[in-house]
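J.: Chains as they are written, first to last, in my numbering: chain Y, 250 to 519; chain E, 7 to 386; chain Z, 3 to 71.
A couple of the hints might just be wrong.
In silico lysine-lysine, DSSO-like type, Cα no more than 27 Å apart, as pairs [stated by the list, open to error]:
id, chain 1, residue 1, chain 2, residue 2
1, E, K254, E, K265
2, Y, K513, Z, K10
3, Y, K333, E, K15
4, Y, K333, E, K204
5, Z, K30, Y, K429
6, Z, K56, Y, K490
7, Y, K480, Z, K56
8, Z, K7, Y, K470
9, Z, K52, Y, K470
10, Z, K30, Y, K260
11, E, K212, Y, K333
12, Z, K52, Y, K436
13, E, K212, Y, K289
14, Y, K284, Z, K56
If you're looking for bench data, these hints aren't it; they were derived computationally from the structure.
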Amino acid sequence: MDYLQYLRLDKMPHIWCDGCGHGIILKSILRTIDKLGWDKNDIAMVSGIGCSGRTPGYVDFNTLHTTHGRALAFATGLKIAKPKLHVIVVSGDGDAAAIGGNHFIHAARRNIDITMIIYNNYIYGMTGGQVSPTTPSGKKASTAPYGNPDMAFDISRLAQAAGAAYVARSTVYHVGRTDKYIEQALKKTGFSVVEILTPCPTSYGRQNKEGTAVDMMMYQKSNSVSIERAKKMSEEELEGKIITGVFVDKEQECYLSRYNEIVKRAQSIK
Amino acid sequence: MEKPNPNIKMWQGNVACAEGALAAGCRFFAGYPITPSSEIAEVLSRRLPMFGGKFIQMEDEIGAMGATIGASLGGVKAMTATSGPGFSLKQENLGFAAMAEVPCVIINVQRGGPSTGLPTHAAQGELMQARWGTHGDHPIIVLSPCSVRETYDMTVKAFNLSEKYRTPVILLSDEIVGHLTEKVEVPPIEELGLINRKKPTVSPDKYLPYEMDETDIPAMANFGEGYRYHVTGLAHDETGFPTNDPLKIEAQLERLNRKIDRYRDDIVEIETLYTDDAEILVISFGSTARSARRAVANARKNGTKAGLLRQKTVWPMPYREIEAIGANVKRIIVAEMNLGQLAHEVEWAVRRSKPVVRVNKINGEPITPKEIYNSIVIKE
Amino acid sequence: MVMKKFPKITINEQWCKSCEICVEFCPKKVFDMGRFYPVVARPEDCIDCKLCEKLCPDFAITVTSPKET
Ligand SMILES: Cc1ncc(C[n+]2csc(CCOP(=O)(O)OP(=O)(O)O)c2C)c(N)n1
Ligand code: SF4
Ligand SMILES: [Mg+2]
Numbered sequence: 250m251d252y253l254q255y256l257r258l259d260k261m262p263h264i265w266c267d268g269c270g271h272g273i274i275l276k277s278i279l280r281t282i283d284k285l286g287w288d289k290n291d292i293a294m295v296s297g298i299g300c301s302g303r304t305p306g307y308v309d310f311n312t313l314h315t316t317h318g319r320a321l322a323f324a325t326g327l328k329i330a331k332p333k334l335h336v337i338v339v340s341g342d343g344d345a346a347a348i349g350g351n352h353f354i355h356a357a358r359r360n361i362d363i364t365m366i367i368y369n370n371y372i373y374g375m376t377g378g379q380v381s382p383t384t385p386s387g388k389k390a391s392t393a394p395y396g397n398p399d400m401a402f403d404i405s406r407l408a409q410a411a412g413a414a415y416v417a418r419s420t421v422y423h424v425g426r427t428d429k430y431i432e433q434a435l436k437k438t439g440f441s442v443v444e445i446l447t448p449c450p451t452s453y454g455r456q457n458k459e460g461t462a463v464d465m466m467m468y469q470k471s472n473s474v475s476i477e478r479a480k481k482m483s484e485e486e487l488e489g490k491i492i493t494g495v496f497v498d499k500e501q502e503c504y505l506s507r508y509n510e511i512v513k514r515a516q517s518i519k
Numbered sequence: 007m008e009k010p011n012p013n014i015k016m017w018q019g020n021v022a023c024a025e026g027a028l029a030a031g032c033r034f035f036a037g038y039p040i041t042p043s044s045e046i047a048e049v050l051s052r053r054l055p056m057f058g059g060k061f062i063q064m065e066d067e068i069g070a071m072g073a074t075i076g077a078s079l080g081g082v083k084a085m086t087a088t089s090g091p092g093f094s095l096k097q098e099n100l101g102f103a104a105m106a107e108v109p110c111v112i113i114n115v116q117r118g119g120p121s122t123g124l125p126t127h128a129a130q131g132e133l134m135q136a137r138w139g140t141h142g143d144h145p146i147i148v149l150s151p152c153s154v155r156e157t158y159d160m161t162v163k164a165f166n167l168s169e170k171y172r173t174p175v176i177l178l179s180d181e182i183v184g185h186l187t188e189k190v191e192v193p194p195i196e197e198l199g200l201i202n203r204k205k206p207t208v209s210p211d212k213y214l215p216y217e218m219d220e221t222d223i224p225a226m227a228n229f230g231e232g233y234r235y236h237v238t239g240l241a242h243d244e245t246g247f248p249t250n251d252p253l254k255i256e257a258q259l260e261r262l263n264r265k266i267d268r269y270r271d272d273i274v275e276i277e278t279l280y281t282d283d284a285e286i287l288v289i290s291f292g293s294t295a296r297s298a299r300r301a302v303a304n305a306r307k308n309g310t311k312a313g314l315l316r317q318k319t320v321w322p323m324p325y326r327e328i329e330a331i332g333a334n335v336k337r338i339i340v341a342e343m344n345l346g347q348l349a350h351e352v353e354w355a356v357r358r359s360k361p362v363v364r365v366n367k368i369n370g371e372p373i374t375p376k377e378i379y380n381s382i383v384i385k386e
Numbered sequence: 003m004v005m006k007k008f009p010k011i012t013i014n015e016q017w018c019k020s021c022e023i024c025v026e027f028c029p030k031k032v033f034d035m036g037r038f039y040p041v042v043a044r045p046e047d048c049i050d051c052k053l054c055e056k057l058c059p060d061f062a063i064t065v066t067s068p069k070e071t
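Construct all of the structure, not just a fragment, from the sequences and the given hints.
T.: Here you go:
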């Protein structure tokens, strides 16, 4: 497939570091859009701030680079104002689960028809490797020099608990599955989330001596277990493992469909 | 018996605000409940869907401000409403709207501060926050109504200015005006002079979302209408993409700020009363101006040459008008429910050439006509 | 004699950041790492799975299938 037709070529090469997985995720998104045959005019990509947040700048859609953590709020207004737009939000782990955590759970609760792709690299990449809500306990960050004292969020389970219609997790290494999940998410009517684990060799790998991007992807390859297999494993066995798969895939009425009913009801009162 | 005129309503200020928004063409509202602004959200949650519009109660004011901007980018006139603490939360994305030049209207029904302050009592403590609350040099338009009818008109005007100048516009109401009930004769919609944003006339490949043309106000394409462009809060050039080029950054930021400065005569509105021969000038805005008007009228009745300058537009600050009218008076009195935020600007406007007396109150009680009257007639 | 057709692999050296993901994860080890950029050392071994293309974060690899050429 021709990726270049979706890129703003004058903005390339992108700013991401060598081995950063963000570009792999972007490719999965573009491949899926290409497969679905969507018109570029009908796609809006919205982001917050972070390395991940730079994604929309490179793609030839309607693109909106908002404030840190607030992409979903902007996207909610945009989707409601222009329902024909396919609204895709891309977000980092900090953007989605720390500063934007409130918007995240409420977008899921509302089941607004938006697809959110979360680039989870366990770290604040853009600002130089500070601890994030998904940094595993004990791991190092520039603001956790003795090891992270906090517990980490499981973003997919959080989305599931908050009521999202579709939730899946993959890694950049498992690119085939990532494509499949993104496709399912984009086709879903309602709030869909795909969390993709991605190496940040610069800000996370180096501090935690996890090697190059290749080493970090090797880790993804050998330490991922499917949800089904994970169910049969003990807590000790699951230590350090990445659970991948589809967490939720359900049909439930989306926000706009419910609101359109309200419009009908209100207009019948007059 | 005469039939009642259906255009005459007994409205609360907040209701007039909501109705004014509908008349202006607002079809999206995002908010978060807070006293004393909640009626605006309540009315719009009922009324917007009747017009095919959409209302959403967001998870907080940050989200409400974001959704408002998102909806505007989608081509719908959008508004949010709040009060003190919520206004603080909106500042981040308010700055985004200013920087990215996204039209939208923000209502702040002021209550006592700081912090949670006095939820059910009026204040005017956000005069400066409305101007400078978000970081960085940015343009803003702030209007302040003193009656229910004016709340209606000014909400319409806020939309018109925001669409015309591609900028967020703040309506700085307060608890008194917001909760006041008065008779309103609703004007016919044709008289409102509704304005819609300038759309691009060039083809998408030629479109520059932040073009430096002779008007300083770039045409705005709505998302999803064939113009695929980029909107960011980062410093950007004419194309809308981030840039680090100091010359381009400077050119854009200068245009951004100039955009409002150069049209200030179209934006600034003041009301004057007996200013021609006034020796004592009272300056006020919002609900306090009601007391000021009464005090000035009483002083005149009793032979004191008092005059009133009421700011309908708070920002841009009518420095020029204050300076001109203030030039001929002996003393200026500034009445406001804060500790002198406007007085400070007035002192600056008249270059401290004469005494500027402050009548301030921050205890939740309104400033009475008597209090202003006393400082008018006091003998130095 | 029938020439065996194999995919054409091109590397855009303007965009490549030398992360070596292609070198490592190509199931047929088609690439070697050169001094600065990967080199397509064994093109005849390529099975056209396009994994290198998909995993290249920098949009720097294009694999063109034989029928496409
Ligand atoms: C309100 C606000 N607070 C802090 C920042 C600074 N900041 C920029 S990016 C970022 C973290 C980004 O981390 P993440 O969302 O995980 O994205 P990544 O860079 O890892 O892709 C922070 C804290 C900001 N831009 N705005
Ligand atoms: S700092 Fe990390 S997340 Fe950011 S571009 Fe570099 S590798 Fe990617
Ligand atoms: Mg991150």
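J.: State for each hint whether it applies.
T.: Right, here's what the structure says about each hint:
Proposed proximity of K254(E) and K265(E) is supported: the alpha carbons are some 16 Å apart, at most 27 Å. For the hint linking K513(Y) to K10(Z), the alpha-carbon distance of about 57 Å lies beyond 27 Å, and the restraint is violated. In summary, the hint linking K333(Y) to K15(E) is not supported, as the alpha carbons are separated by about 38 Å, beyond the 27 Å threshold. Annotation: proposed proximity of K333(Y) to K204(E) holds, straight-line Cα distance about 23 Å (limit 27 Å).
Using a Cα cut-off of 27 Å, the hinted pair K30(Z) and K429(Y) holds, with the two alpha carbons roughly 24 Å apart. Between the alpha carbons of K56(Z) and K490(Y) the distance comes to roughly 24 Å, so the proposed pair stays at or under 27 Å and holds. Taking the CA atoms of K480(Y) and K56(Z), the gap is about 30 Å. The hint is violated against a cut of 27 Å. For the hint pairing K7(Z) with K470(Y), the CA-to-CA distance comes to about 31 Å; that exceeds 27 Å, so the pair is violated.
Annotation: proposed proximity of K52(Z) to K470(Y) holds, straight-line Cα distance about 18 Å (limit 27 Å). Distance restraint check for K30(Z) and K260(Y): the Cα-Cα separation of roughly 33 Å exceeds the 27 Å cut-off, and the hinted pair is therefore not satisfied. For the given pair, K212(E) sits about 25 Å from K333(Y) by alpha-carbon distance, which is consistent with the 27 Å threshold. Only pairs whose Cα atoms come within 27 Å are accepted, and K52(Z) paired with K436(Y) is accepted, the gap being roughly 24 Å.
Our distance criterion of 27 Å between C-alpha atoms is met by K212(E) and K289(Y), whose separation comes to about 17 Å. In summary, the hint linking K284(Y) to K56(Z) is supported, as the alpha carbons are separated by about 14 Å, within the 27 Å threshold.
When held up to the earlier numbered hints, the structure conflicts with 2, 3, 7, 8 and 10 and fits the remainder.
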